[in-house]
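Produce the complete structure using the sequences and hints provided.
Number of protein chains: 8
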Amino acid sequence: MAQIAARLGDKSSNVLVTRADARAAEMVKARFADAEYFPLSGAVRVWRDRTIHGKGKIAVVCAGTSDIFVAEEAQVTAEAMGNQVEAIFDVGVAGIHRLMNNRDRLLEARVVVVCAGMEGALPSVVGGLVSAPVIAVPTSVGYGASFHGLAALLGMLNSCASNVTVVNIDNGFGAGYVASLINRL
Amino acid sequence: MAQIAARLGDKSSNVLVTRADARAAEMVKARFADAEYFPLSGAVRVWRDRTIHGKGKIAVVCAGTSDIFVAEEAQVTAEAMGNQVEAIFDVGVAGIHRLMNNRDRLLEARVVVVCAGMEGALPSVVGGLVSAPVIAVPTSVGYGASFHGLAALLGMLNSCASNVTVVNIDNGFGAGYVASLINRL
Amino acid sequence: MAQIAARLGDKSSNVLVTRADARAAEMVKARFADAEYFPLSGAVRVWRDRTIHGKGKIAVVCAGTSDIFVAEEAQVTAEAMGNQVEAIFDVGVAGIHRLMNNRDRLLEARVVVVCAGMEGALPSVVGGLVSAPVIAVPTSVGYGASFHGLAALLGMLNSCASNVTVVNIDNGFGAGYVASLINRL
Amino acid sequence: MAQIAARLGDKSSNVLVTRADARAAEMVKARFADAEYFPLSGAVRVWRDRTIHGKGKIAVVCAGTSDIFVAEEAQVTAEAMGNQVEAIFDVGVAGIHRLMNNRDRLLEARVVVVCAGMEGALPSVVGGLVSAPVIAVPTSVGYGASFHGLAALLGMLNSCASNVTVVNIDNGFGAGYVASLINRL
Amino acid sequence: MAQIAARLGDKSSNVLVTRADARAAEMVKARFADAEYFPLSGAVRVWRDRTIHGKGKIAVVCAGTSDIFVAEEAQVTAEAMGNQVEAIFDVGVAGIHRLMNNRDRLLEARVVVVCAGMEGALPSVVGGLVSAPVIAVPTSVGYGASFHGLAALLGMLNSCASNVTVVNIDNGFGAGYVASLINRL
Amino acid sequence: MAQIAARLGDKSSNVLVTRADARAAEMVKARFADAEYFPLSGAVRVWRDRTIHGKGKIAVVCAGTSDIFVAEEAQVTAEAMGNQVEAIFDVGVAGIHRLMNNRDRLLEARVVVVCAGMEGALPSVVGGLVSAPVIAVPTSVGYGASFHGLAALLGMLNSCASNVTVVNIDNGFGAGYVASLINRL
Amino acid sequence: MAQIAARLGDKSSNVLVTRADARAAEMVKARFADAEYFPLSGAVRVWRDRTIHGKGKIAVVCAGTSDIFVAEEAQVTAEAMGNQVEAIFDVGVAGIHRLMNNRDRLLEARVVVVCAGMEGALPSVVGGLVSAPVIAVPTSVGYGASFHGLAALLGMLNSCASNVTVVNIDNGFGAGYVASLINRL
Amino acid sequence: MAQIAARLGDKSSNVLVTRADARAAEMVKARFADAEYFPLSGAVRVWRDRTIHGKGKIAVVCAGTSDIFVAEEAQVTAEAMGNQVEAIFDVGVAGIHRLMNNRDRLLEARVVVVCAGMEGALPSVVGGLVSAPVIAVPTSVGYGASFHGLAALLGMLNSCASNVTVVNIDNGFGAGYVASLINRL
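Protein chains in written order, with my numbering: chain D, 1 to 185; chain A, 186 to 370; chain L, 371 to 555; chain F, 556 to 740; chain E, 741 to 925; chain Y, 926 to 1110; chain B, 1111 to 1295; chain C, 1296 to 1480.
A few of these clues could be false.
[Unchecked claim] Restraint ranges, calculated between C-beta atoms of paired labels, are given here: (1) C:G1351 <-> D:P39: 49 to 57 angstroms; (2) D:N101 <-> E:E776: 38 to 46 angstroms; (3) D:D90 <-> A:R233: 46 to 54 angstroms.
[To be verified] Simulated pairs of lysine-lysine, DSSO-like, Cα-Cα distance not exceeding 30 angstroms: (4) A:K242 <-> L:K427; (5) Y:K982 <-> F:K610; (6) F:K610 <-> Y:K980; (7) B:K1167 <-> C:K1352; (8) L:K425 <-> A:K242; (9) D:K57 <-> E:K797; (10) E:K795 <-> D:K55; (11) B:K1165 <-> C:K1350; (12) A:K240 <-> L:K425; (13) Y:K980 <-> F:K584; (14) L:K427 <-> A:K240; (15) B:K1165 <-> C:K1352; (16) D:K55 <-> E:K797; (17) F:K612 <-> Y:K954; (18) E:K795 <-> D:K57; (19) C:K1350 <-> B:K1167.
Hint data in this document are derived by calculation from the structure and do not stem from the laboratory. Backbone N, C-alpha and C define an ideal beta-carbon position, used for all residues, glycine too.
In structure tokens:
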């Protein structure tokens, strides 16, 4: 980790480390005094260049508070790659009005990332509300028949909304990365 | 089948045969001229007693037109057991406004049956809209990673709405049956 | 936890916390001196209102002593929601006489919750004995080919008794919650 | 098939062919005029030696009428191997009284074979009623989450009755064979 | 089908029917003399409007000739939605030079769709060659341990290339649809 | 545990506790000075009655030294139930001569218990060597694609030897128990 | 097929077509009068060059007669690639003496291919008898818990013999191909 | 461990211990002062005989740095068995040029071992580049839908390159062992 942190110091672009525990985060901070640590997701970010590359906003949406650890990873990634991110958290489908109240913010986004565990239903509903591409991230949130995110993963792969694609369970980084690529187009 | 049909003739309650193909349906009709055949679900019903036993309405909801074969089985069962059924079909989550437009009809129901294939997200959304018990029926509609209804089944078991219980894949009969028991309470 | 406990203090209805470990339970107790802690299930309950809302009894049944951690969660939930609960524990199918000896208590219930691990056979037997709706809760009790409750879950979904619906593995809360909804009808 | 039938003719012990369709059965009959065909299971049996080798009775039990195709294979096998078989069919756990009414016949058996599909709960209940060894045969009867007999198989492997062992899905032959070995001891 | 075809006639945008068999295709042709039928994928397309909406090219890549049935669906969809499509077929990873020879065509694409069955490795290799977003489509091509596309699906979800998102097995339509959305940005 | 140990003291038959860790074993020893502890399997046994009830020998066979923890449980159980046990350990199929060298000991057994992990092949080979009933116990020994004993379990259920039945993964107790029942016949 | 057959005509090496049905085989025969058709495996072979390239013998072993359809594909492939093949069929582990009687033939082989379905135990036993590399081919032979060859596949991957590698279910071609590569070394 | 180490001392061939933790490694070192410990893989090796038995080189390839723990086990094994090993690490498919830059080293190998986790695509690409036999080792590297190596395992079993065989997840030892056997031919 110390070696990696050392090597990172020579670059001029933003630094992003994912899934760091507190100790790894300290190592990065020892090297970069201005490193931000996001303990929920384990992301560590060092700003070098705050240029906005994205042509619009990326919305990062999540279903429950326990999904934030993944949504935060997506958000931190997308921001580090030069995007404005609109975070819309805790809007799960069992309280559909909370989602509906955020409809305008969703419609303003050029790309949408949706993180959800348990039944993983949120991407389908969001996909139906917007015409932008939706990147769905199943999370490992749940117990029993969630099988560590498998239920949400299968649900998202079978989404009845045609604008949904899927990344691996808990892969907030991948979702933020692809959203950034799309938002630069 | 002929034997079964013959034996059915001696009873005074309504007759319900499920998953009958056209030929089996003909045998029942040969015995009961007034038998109704529902080709989507394969249900055959003969009315003997139209007394209403249910204390309120049962809503039977389904996500897409391809789920009707299951929803119809639930509806025909619940009606044969003496219930008024409100059928709310083709209100899948990717077009959430269609569901929202039926919110009043949902709220009037004492019990709700929700049938959905693919990602199986509808019961969670409905469960959030109503306070009545929701019986979720995963359907085998879908392909690929739906694994013949497994995706929908897992989704429903992990519903974030607390008022949802689940029956077997394509088990419209069971859902209609339990809804009837509850509606008599 | 402390924040949650603080916020809970402003409500006039009963307080229920599920899956709390001993330390979380202490936090709730620090806020509410009269909080009850149920260490098997991790439930914490604070009475504010002991009105009975349920129109009849809810029976909570479990197969073995190792299933009590789930059954207790169902019981505590149903009681907190204003129901009289009849607890019938340790009546697994391999000693069918113990179940049969409790038949009258089962028949008196308006709704039945049945918790079982391993082969998950109990809901089918109970479902055949009563005409009330049965909510089956698979538990993660077992080893090897129980696959953390999957065997019991699949068994319950395939119950040959038509009055059985199923919730997620170890979801005693959900079963108690739905049973309460039904018992208010 | 014709070759196999020809070769069979030179033996002095009983002939047993399993899973034969009508056409294969005809070939065996062409060779042995007295061959019996059991169309449910596809077994074909030719008696050469009706000596009883078993020291007691073998009970062959099945849950529903749709499980008879497997139970019959077990029965025909056990009889061909020189056993008296007590067939106790259609005694599924959702109607526990039918099973209890046959308790004496079960208790008389030296070995018990139990065939069941769907939730596969019957072996556990029977195992609790008798002290004889119980051989459980999961059947592929069911749909949806029965996954072609997997639910019943897992249930039986997790039986809470200690006297239960299990064979492959639909393997009535194997169950009848092992029961015969045990009954000769 | 006839009804659907009739209704389609009133629209002014391009008509796309997927997974039609020869008979269904005939019905569409009876209504629209200029309908094109693509027998590999079962797509039927009727041109009404040949405006190009996509800002760049979409590359549709597939691994083997047996994956074309899916790739064609993606291509036909993307074209019907107003895109120029570059089809790069039969460039599976076991002959990596064929893929490398098409590198320039890949690099010109604004979005890439990659269809592959069996081990599903192609999206990772393509993802490493381009910086555009890659939409991976597992196909059901394979036998044995491919489990009808599951092997390819899991492989793609675990891609070590960060620019890959995934749709359902054989879902060429979905991939073409999302690629079109992205290409309009 | 202390309570259980206390209650055990009033019985006149042998005491068997399974899967006890060192601390639980100490509690039993505190109550019964002559308790034997078998640390590999976690079995604790207290002799009260050394009568032999079994009519012959039970052979307990295992494939590798890492399977002994299960085989020992079967052996201790069968001995506690009044059987002479012939332990034949470390005779896995990849060194078939070691098994063949023990053929006479196998042939002397009235019942055979075979424990094996990894590919679980040993019961089939043993089943072919003897005509006694074979009870196969899959063990959780292995890694990777053994999936905690699933590979061995599936192998044993598909045994090409007709005299094999199967119990749950690591269920040495169940195998020893059923073997004892059979050996008393 | 006709096109493929036509193209094949221009090559000077042996022609091998796998998994051809009778009709496809006829097309090849129409083009090459001397084509051999192997109906069990569906292989079609046309000799052009009978040079032996292999430095030793390849043994192709299979467990039961129902596995021959795969073993034959391996044999025909290895022969077409210039190897002498020793076919040792129907030597399943439940009759271990049949295998032992062929030990010398096995020991003479430079590479061994072993095909087995059901529990897939044969490669482990063969692997223990020889020091040559063993290529294991799981076959889809079996029913119920064989899950179309999955049980055999998992068994072979967990072989306790260190000289075993595995190919896909029913992939006789792959096994014959790799065996040929090794035998040329 | 101490006993094993003691026994190892009497042999004249190289000593190889796999999957030893630091403490077990110390025990071996206490017995053999010149023992080498490889902490990534847990291998411990003591040289006794450095004779080269392999007729050519074995290439051991891995996809990412996190796969080295498996590749190292294969390398240490192959070296201890008397082979020259060419280690080509960190050449994953998402950076195909790194692999292509090593093509000559690959082509020089007589046997190739390829270790990869996540999507497990590397063996197919390597298999297409060389004509030597390729032994693929899936690793448990990954998260979420990698299911502890299952995704890589399935991918490798479905490789479109015909020269690939597969061993168990993380089984570097087995791959090194078989590669050594082949390299001696």
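Original post:
Against the structure shown, which of the earlier numbered hints fail to hold, in ascending order?
Top reply: The structure conflicts with hints 13, 17, although it agrees with all the remaining ones.
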